[in-house]
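Asks: The lines below spell out each chain.
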Amino acid sequence: MNAPRLAAAAALVACSLSSQARADSMTPDWRRADRRLHQSPQSFAFEARIGPYRPQIDEEFSSGKRPFEQAFGDGRGLYFGFELDWQALRIPHFGSIGPGISWGYTRRSAVAKVAEGPYAGQDSAQSTYLTIMPMYATGVLRVDVLARDFEVPIVPYGKLGLGMALWRASTDNGVSTAPDGTVGKGRTWGTHMALGGMFLLDFLDPSAALGFDEEVGVNNSYLFAEWQWLNLDGQLIEKRPQMHVGTTGWIAGLALEF
Amino acid sequence: MPRPHRWALSVVAATALLVCAGDALAQTVSLATAQANPSRKGGFRSQDRYPLWISKADCLADDSYTFVVRVANLGSTPLFVFASAAGQDCSDPTTRSGANARCWKLAEINAQSGATSYSITLPVRDIVGGYDQPSTFNPGATEAVCERSGSDAPLGVLLHFLPVQAAGGVVAGTGFQYNEIKFDLVPPSAPTNVSAGIGDGVLELSWTTSLSTDISGYQFYCDPAPGEDAPSSTTPVGAAGAAGASSTSPGCAGSGNAGAAGSAGAAGTAGAAGTGGASFLAAGFGGDAGAAGDAGAAGSAGAGAGATSGSGGSSAAGASSGSGGSSSGAAGKSGTTGAAGCSTAGATCGRSTLIVGGTFGPSGHECGRATGNTATTGRTSDLKNAVEYSVAVAAIDNVGNVGRISAPKCLAPAQIEDFYGVYVRSGGQAGGGWCQTSTPGTGSAALSLGALAAVFALRAARRRR
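Going down the list, the protein sequences come from chains A and B. Numbering-wise (the working numbering), the first sequence opens with residue 190 and increments by one. Numbering-wise (the working numbering), the second sequence opens with residue -5 and increments by one.
Hints are computed from structural coordinates only; laboratory data are not their basis. Treat each hint with caution, since some may be false.
Claimed, not checked - The following residues of chain B were derived to be distant from chain A, with all beta-carbon distances above 10 Å:
id : residue
1  : Gly36
2  : Asn67
3  : Ser113
4  : Arg142
5  : Val196
6  : Leu197
7  : Thr202
8  : Gly394
9  : Gln409
Unchecked claim - With a straight-line cut-off of 25 Å between C-alpha atoms, the simulated DMTMM-like cross-links for lysine to aspartate or glutamate are:
id : chain 1 : residue 1 : chain 2 : residue 2
10 : B       : Lys378    : A       : Asp369
11 : B       : Lys378    : B       : Glu222
12 : A       : Lys302    : B       : Glu198
To be verified - Have a look at the derived ranges for each label pair, beta carbon to beta carbon:
id : chain 1 : residue 1 : chain 2 : residue 2 : range
13 : A       : Ser251    : B       : Ser189    : 36 to 46 Å
14 : A       : Ser251    : B       : Thr368    : 45 to 55 Å
15 : A       : Val364    : B       : Asp42     : 52 to 62 Å
16 : B       : Thr202    : A       : Leu384    : 41 to 51 Å
17 : A       : Val364    : B       : Ala55     : 52 to 62 Å
18 : A       : Gly363    : B       : Asp42     : 46 to 56 Å
19 : B       : Ser189    : A       : Leu393    : 19 to 29 Å
20 : A       : Ser232    : B       : Ser189    : 50 to 60 Å
21 : A       : Phe250    : B       : Asn187    : 57 to 67 Å
22 : B       : Gly37     : A       : Leu443    : 51 to 61 Å
23 : B       : Cys429    : A       : Ile290    : 14 to 24 Å
24 : B       : Asp42     : A       : Ser229    : 51 to 61 Å
Quantities reported herein were computed from a predicted structural model and do not represent experimental measurements. We treat Cβ as the ideally placed atom computed from N, Cα and C, and that holds for glycine.
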């Protein structure tokens, strides 16, 4: 057994012993009802989010043209982001509700084709990029009664709010420009909706969950998955052409309540 | 002995002692404390470029160092400055003269009465000139010493500032040594496997690094120079013979087609030499030689017209002009044109292989640079789309010596199909910047109301808690 494996095994054993000792002394229950006396105050939730992302740019064109697919193909890019929610209002035996904000990032790149000359259509030595930063301000309702009052470690939730994205088209030479000089950067407004479910990780190791709360103030940890509609089509705000950089699809991640 | 005589003798003896002691007082030479390092006529390079070292450019520019040297008790003893390879000692007279001399003289300063310091200027050519043959070196080296081959590793030179007695060459007192100077006159070797790719207004280059060990970066060269269009077509000279085919790829180094061979005309005039196609690269991008014309039937010879090399070219192989025919005869056939350059993307230009390893140095053709000794890719700048360029790469060493250029590649930048271009051509109208504003739509009012409602709701919630 090499050194890293040995260290990992030792850490695992230590962790188990620690959990066992804590369990012996505190006999915790993962359910919130039994832990409420021991836990720290809880007002916020933080999400680290990741998922595939394919902007709906091609839906902007009714002519059948598909500029996004032409440039980047039909695959999906990777999105990551963060969300911070303020659980402003707690509804007893139901859940929490409050505002949240999110910032995300995704970038697509592809080798650009030569557009002119004897090598037109062949791969150039440069790439073309589209960078999108989707953001939203949203209201979040988390129904945690199942986890708090019953032994079901599931927290369904919904989000509804205003979405906005900043996008930037570029090449290796810098930001792209249209022949008329228009800069390839823009802002798109729209709506944001999401439905999802969170799995309470405290269920797996109540002792560790208690320790996490005692040591760093994190009340609950979750894995979550949601279906989001980030409908950024520019129809809601501002009467000007806006690139449809929103998306619809699955997002997964880790959430912490603190 | 009478007392007065004794007294006089004592005075003489004391005086002699003082004089002797004066000579015996340490004669010291030191750099002025206010100037630990010398000044340079050509100024100093940046700290990361070894400002005290000597590069080939320094040597060609006849740069010099000026030391301010403080002396004490030098008397009439002249001050000498010698140079040696690092680690040598020049205090022994045998190291400074004879067939086995290891030190070479740079300067000799006759002592001036009462002087406490001297300003001594040492040409860098003298410093490097005696390195290989110190025994035969004399100050006043020409720029020929700047040409050096072999290892491109920097060589250390030790400067010795010594008070040396005229008689016997004995060092009289204490001098000092200055060991901060090295010289590097050998440019780095050329990078290899250079390839070029098409970009929008640029060419993307990649290469295999130079084998030299003291590389600080890579310099790109383009022809035509950045920002310029290709030069017009060139028509080689073919005075008496058939006109040579002009270059169809102007501006590409080495791509100029050769002038056709002069024919042996009826009057037997010589076919003039076809010139190489116009070539930007002063060094070595010679045009192709025109093929020899066939001899006229009755003529002595149709001249074989050789192209001249590109101006200043050192390695283009052009045949010399042939002599004219001496008698009438049928016209010789035209020579064949040289190989065309710049016709294939990324291919080497015509005779570009002729100049691989050649020196290069015209300013104005620099079109980009990559820093770092491990750089293997880079991008040219300020090129024009649809203009065919010959582009080459040269390594730069730590003192700024630009090395020999690589085999050039020929390629034309071109517009690329980036996403935004495709989007706009498809009819997309978005863009203009992140802070672009527009007339507020009806949605703005709804949004404002929504935001207000949210604020009130939150405040109410807080009051409730």
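Asks: Look at each hint and say if it fits the structure.
Replies: Do the hints match the structure? See the list:
no.: 1; hint: Gly36; result: holds, 37 Å
no.: 2; hint: Asn67; result: holds, 67 Å
no.: 3; hint: Ser113; result: holds, 52 Å
no.: 4; hint: Arg142; result: holds, 37 Å
no.: 5; hint: Val196; result: violated, 7 Å
no.: 6; hint: Leu197; result: violated, 8 Å
no.: 7; hint: Thr202; result: holds, 17 Å
no.: 8; hint: Gly394; result: holds, 28 Å
no.: 9; hint: Gln409; result: violated, 4 Å
no.: 10; hint: B/Lys378 to A/Asp369; result: holds, 19 Å
no.: 11; hint: B/Lys378 to B/Glu222; result: holds, 8 Å
no.: 12; hint: A/Lys302 to B/Glu198; result: holds, 14 Å
no.: 13; hint: A/Ser251 to B/Ser189: 36 to 46 Å; result: holds, 43 Å
no.: 14; hint: A/Ser251 to B/Thr368: 45 to 55 Å; result: holds, 51 Å
no.: 15; hint: A/Val364 to B/Asp42: 52 to 62 Å; result: violated, 32 Å
no.: 16; hint: B/Thr202 to A/Leu384: 41 to 51 Å; result: violated, 55 Å
no.: 17; hint: A/Val364 to B/Ala55: 52 to 62 Å; result: violated, 42 Å
no.: 18; hint: A/Gly363 to B/Asp42: 46 to 56 Å; result: violated, 28 Å
no.: 19; hint: B/Ser189 to A/Leu393: 19 to 29 Å; result: violated, 55 Å
no.: 20; hint: A/Ser232 to B/Ser189: 50 to 60 Å; result: holds, 59 Å
no.: 21; hint: A/Phe250 to B/Asn187: 57 to 67 Å; result: violated, 44 Å
no.: 22; hint: B/Gly37 to A/Leu443: 51 to 61 Å; result: holds, 59 Å
no.: 23; hint: B/Cys429 to A/Ile290: 14 to 24 Å; result: holds, 20 Å
no.: 24; hint: B/Asp42 to A/Ser229: 51 to 61 Å; result: holds, 54 Å
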